[in-house]
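Chemist: Top line first, the protein sequences correspond to chains A and B.
If you use numbering that gives the first Met the number 0, the first sequence corresponds to residues 0 to 436, in order.
If you use numbering that gives the first Met the number 0, the second sequence corresponds to residues 0 to 39, in order.
For the record, the hints were derived by calculation from the structure and aren't laboratory data.
Misleading hints may appear alongside valid ones.
Claimed, not checked - Restraint-style ranges between C-beta atoms, simulated for each label pair:
hint: 1; chain 1: A; residue 1: ASP13; chain 2: B; residue 2: GLU16; range: 39 to 45 angstroms
hint: 2; chain 1: B; residue 1: LYS9; chain 2: A; residue 2: PRO81; range: 48 to 54 angstroms
hint: 3; chain 1: B; residue 1: LYS9; chain 2: A; residue 2: GLU12; range: 46 to 52 angstroms
hint: 4; chain 1: B; residue 1: GLU16; chain 2: A; residue 2: ALA381; range: 46 to 52 angstroms
hint: 5; chain 1: A; residue 1: ASP372; chain 2: B; residue 2: GLU16; range: 41 to 47 angstroms
hint: 6; chain 1: A; residue 1: ARG359; chain 2: B; residue 2: GLU16; range: 28 to 34 angstroms
hint: 7; chain 1: B; residue 1: LYS9; chain 2: A; residue 2: GLY428; range: 29 to 35 angstroms
hint: 8; chain 1: A; residue 1: ALA224; chain 2: B; residue 2: GLU16; range: 38 to 44 angstroms
hint: 9; chain 1: B; residue 1: LYS9; chain 2: A; residue 2: GLN130; range: 17 to 23 angstroms
hint: 10; chain 1: B; residue 1: GLU16; chain 2: A; residue 2: ARG121; range: 41 to 47 angstroms
Stated by the list, open to error - Calculated pairs, BS3-like style, for lysine-lysine (alpha carbon to alpha carbon, straight line, at most 25 angstroms):
hint: 11; chain 1: B; residue 1: LYS9; chain 2: A; residue 2: LYS375
hint: 12; chain 1: B; residue 1: LYS9; chain 2: A; residue 2: LYS312
hint: 13; chain 1: A; residue 1: LYS188; chain 2: A; residue 2: LYS106
As the list claims (entries may be wrong) - With the C-beta cut set under 7 angstroms, the calculated list includes, among others, these residues of chain A facing chain B:
hint: 14; residue: HIS4
hint: 15; residue: GLN25
hint: 16; residue: SER27
hint: 17; residue: LYS28
hint: 18; residue: ALA29
hint: 19; residue: VAL30
hint: 20; residue: ASN33
hint: 21; residue: LEU36
hint: 22; residue: ARG50
hint: 23; residue: PHE73
hint: 24; residue: ARG75
hint: 25; residue: ALA78
hint: 26; residue: ASN80
hint: 27; residue: LEU371
hint: 28; residue: ASN373
hint: 29; residue: ASN376
A virtual CB, placed ideally from N, CA and C, is assigned to each residue, including glycine.
As a plain string of letters, each chain reads:
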Amino acid sequence: MPLSHYLKCYPSEDQAGHSLLFSTKQASKAVVSNETLETARSSRLSPANERLLARLGMVVPDLSAERRSVAGFFDRCNACNPELNLIVVLNLDCNFACPYCFEGDRKGRHYMSRETAGDLTRFVRSHLTAQKERLSVSFYGGEPLLSTDMIISISRDLGALAAARKIDYRFNLISNGSLFNRRTAGQLKPLGLQHIKVTLDGPAEIHNRSRPFRSGAPSFDVIVANIEETCDLVTVNIGGNYTRGNYRSFVELLDFLAARGLGHSKIGTVKFDPVADAPMGELRPAGFDGGCRSVDEPWLQEADPFLREEILKRGYRTPSFQPITCMVETRDAYVVNFDGSLYKCPAFVGRPDYAVGTLRSGLADYDDVYRLDNWKNPVCLACEYLPLCYGGCRYMTLVRTGHLDGLDCQKHYLDRCLATYVRQEIKYGRTAGSGPG
Amino acid sequence: MEEEKKETRKEVIVLDEGIDFDNPVPDGFCCRGAYILVRG
Chain A
0 MPLSHYLKCY PSEDQAGHSL LFSTKQASKA VVSNETLETA RSSRLSPANE
50 RLLARLGMVV PDLSAERRSV AGFFDRCNAC NPELNLIVVL NLDCNFACPY
100 CFEGDRKGRH YMSRETAGDL TRFVRSHLTA QKERLSVSFY GGEPLLSTDM
150 IISISRDLGA LAAARKIDYR FNLISNGSLF NRRTAGQLKP LGLQHIKVTL
200 DGPAEIHNRS RPFRSGAPSF DVIVANIEET CDLVTVNIGG NYTRGNYRSF
250 VELLDFLAAR GLGHSKIGTV KFDPVADAPM GELRPAGFDG GCRSVDEPWL
300 QEADPFLREE ILKRGYRTPS FQPITCMVET RDAYVVNFDG SLYKCPAFVG
350 RPDYAVGTLR SGLADYDDVY RLDNWKNPVC LACEYLPLCY GGCRYMTLVR
400 TGHLDGLDCQ KHYLDRCLAT YVRQEIKYGR TAGSGPG
Chain B
0 MEEEKKETRK EVIVLDEGID FDNPVPDGFC CRGAYILVRG
């Protein structure tokens with residue numbers, strides 16, 4: 000059998016004369032002697048080694064069939080997706096005033112009404128087909144915990160609907176963490192709360208400048224205290240948004256958390272991401288100009304591996320490098336805005352050109368709006384990184400160009416960084432995992 | 000010890016089986032719209 004088209008070979012840094020193999024398709028990893036690698040290249044592997052590498056997706060019986068399999072990945076995901084997944088934007092209000100907030104001037108005192116919540120339940124009922132085993136909701140905002148009563152009300156309705164179908168209902172929160180105290184966690188957990196993602200933008204001094212309350216008061220201590228008092232009840236995932244100027248200081252945050260007793264055994268996952276710039280043609284939030292426009296920015300290719308190493312070496316889990324499917328390509332996944340309008344990605348909420356229907360009218364065809372299958376072109380189809388990228392992030396394309404014609408190609412970035420990421424995952428074992436970020 | 004010796008003599012050392020790419024099972028989103036797959 001020939002080597003997979005989606006196989007990367009890197010020199011082993013630990014064993015002389017050996018290579019590290021990584022399948023961008025299967026995210027499998029193996030170490031082989033260079034001699035064995037040469038026999039694989041010339042299709043002369045022993046039957047036992049060939050079976051083993053075939054199991055890892057590293058040698059394949061038919062290269063054309065393999066390419067068809069990669070091109071059909073989303074079709075297979077959609078065919079067997081056991082979940083109906085909704086991101087529900089409960090409001091566009093917030094008790095924070097983050098200077099880089101990508102929701103910008105779309106924010107305001109806009110809240111989901113009871114009537115829209117009723118429409119949501121009816122929408123779910125009509126889209127919860129017999130093959131579904133789970134109903135999963137992420138409550139989003141604004142700040143979703145400004146709508147705690149609505150979370151309770153919707154969860155009771157959807158929980159009852161799921162129970163009647165004998166399937167699971169579960170939800171999570173994407174929150175700034177300032178309102179998630181033990182009482183609230185205790186209220187929400189019995190209704191199906193699985194985890195909460197809260198954001199800490201580095202150590203207190205940096206975070207309090209990036210994520211102050213609307214009054215200007217610091218929020219760091221409030222959030223940390225809430226994590227301390229809830230992390231035994233609900234899984235807390237920590238995110239953080241860094242810039243070129245402050246990413247190195249995030250190491251201080253990790254040390255601070257560990258010193259406060261919030262080490263890896265207390266936290267679900269940790270993942271830091273760069274702040275994105277405002278989309279081309281839109282005004283940047285006043286006073287902020289530190290956002291990135293592409294993973295290809297050289298500083299990011301230093302910052303991301305650096306922060307990942309610091310996270311992993313302290314034992315925290317962070318999502319591993321593996322194929323992930325964009326929500327846009329996933330058929331049974333929708334974003335519901337507070338007013339009942341529907342989108343295919345949370346980053347596009349409030350941009351009417353990217354609305355794909357409403358809870359009442361149903362879905363319109365969105366294939367053209369979101370440029371589905373934009374990666375089905377000769378360059379992408381020939382790329383060994385296709386399973387990790389599939390054309391990249393549409394929102395980043397919007398940031399760079401102001402529209403979705405084009406791709407967010409990650410080839411150069413992966414050429415520069417993937418070997419480091421793979422070595423990190425090997426060095427720190429299975430700490431990476433794949434938990435939700 | 001004997002097991003360890005056998006292991007180091009292996010020509011292919013499997014470190015991670017990865018995901019089942021042919022039968023992917025989605026398992027919820029991270030917050031930015033990326034769908035995570037179940038790992039083997």
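Chemist: Compare the structure with each hint and give your call.
Modeler: Comparing the hints with the structure gives:
1. A/ASP13 / B/GLU16: 39 to 45 angstroms: Violated: the Cβ-Cβ distance is about 20 angstroms, outside 39 to 45 angstroms.
2. B/LYS9 / A/PRO81: 48 to 54 angstroms: 36 angstroms, violated
3. B/LYS9 / A/GLU12: 46 to 52 angstroms: 19 angstroms, violated
4. B/GLU16 / A/ALA381: 46 to 52 angstroms: 27 angstroms, violated
5. A/ASP372 / B/GLU16: 41 to 47 angstroms: 29 angstroms, violated
6. A/ARG359 / B/GLU16: 28 to 34 angstroms: 46 angstroms, violated
7. B/LYS9 / A/GLY428: 29 to 35 angstroms: 19 angstroms, violated
8. A/ALA224 / B/GLU16: 38 to 44 angstroms: With a Cβ separation near 41 angstroms, A/ALA224 and B/GLU16 satisfy 38 to 44 angstroms, so the hint holds.
9. B/LYS9 / A/GLN130: 17 to 23 angstroms: Once the Cβ atoms are compared, 41 angstroms apart, the range 17 to 23 angstroms for A/GLN130 and B/LYS9 is violated.
10. B/GLU16 / A/ARG121: 41 to 47 angstroms: Holds - the Cβ-Cβ distance for B/GLU16 and A/ARG121, about 42 angstroms, lies within 41 to 47 angstroms.
11. B/LYS9 / A/LYS375: Distance ~39 angstroms between B/LYS9 and A/LYS375 Cα, so the pair is violated.
12. B/LYS9 / A/LYS312: 28 angstroms, violated
13. A/LYS188 / A/LYS106: The hint is violated at about 28 angstroms.
14. HIS4: Violated, about 13 angstroms.
15. GLN25: Where the cut-off is 7 angstroms and the nearest Cβ of chain B is about 4 angstroms from A/GLN25, the hint holds.
16. SER27: 3 angstroms, holds
17. LYS28: Holds. Min distance 4 angstroms.
18. ALA29: 5 angstroms, holds
19. VAL30: Holds: closest Cβ of chain B sits about 4 angstroms from A/VAL30, inside 7 angstroms.
20. ASN33: With a closest approach of 11 angstroms, the A/ASN33 hint is violated.
21. LEU36: With Cβ-Cβ at 10 angstroms, over 7 angstroms, it is violated.
22. ARG50: Cβ of A/ARG50 sits 10 angstroms from chain B, so the hint is violated.
23. PHE73: 9 angstroms, violated
24. ARG75: Nearest chain B Cβ about 6 angstroms off; hint holds.
25. ALA78: 10 angstroms, violated
26. ASN80: 5 angstroms, holds
27. LEU371: Interface hint status for A/LEU371: violated (14 angstroms vs cutoff 7 angstroms).
28. ASN373: Violated, about 15 angstroms.
29. ASN376: This hint is violated: A/ASN376 lies away from chain B, its Cβ roughly 21 angstroms from the closest one there, beyond 7 angstroms.
In this structure, the earlier hints numbered 1, 2, 3, 4, 5, 6, 7, 9, 11, 12, 13, 14, 20, 21, 22, 23, 25, 27, 28 and 29 are contradicted, and the remaining ones agree with it.
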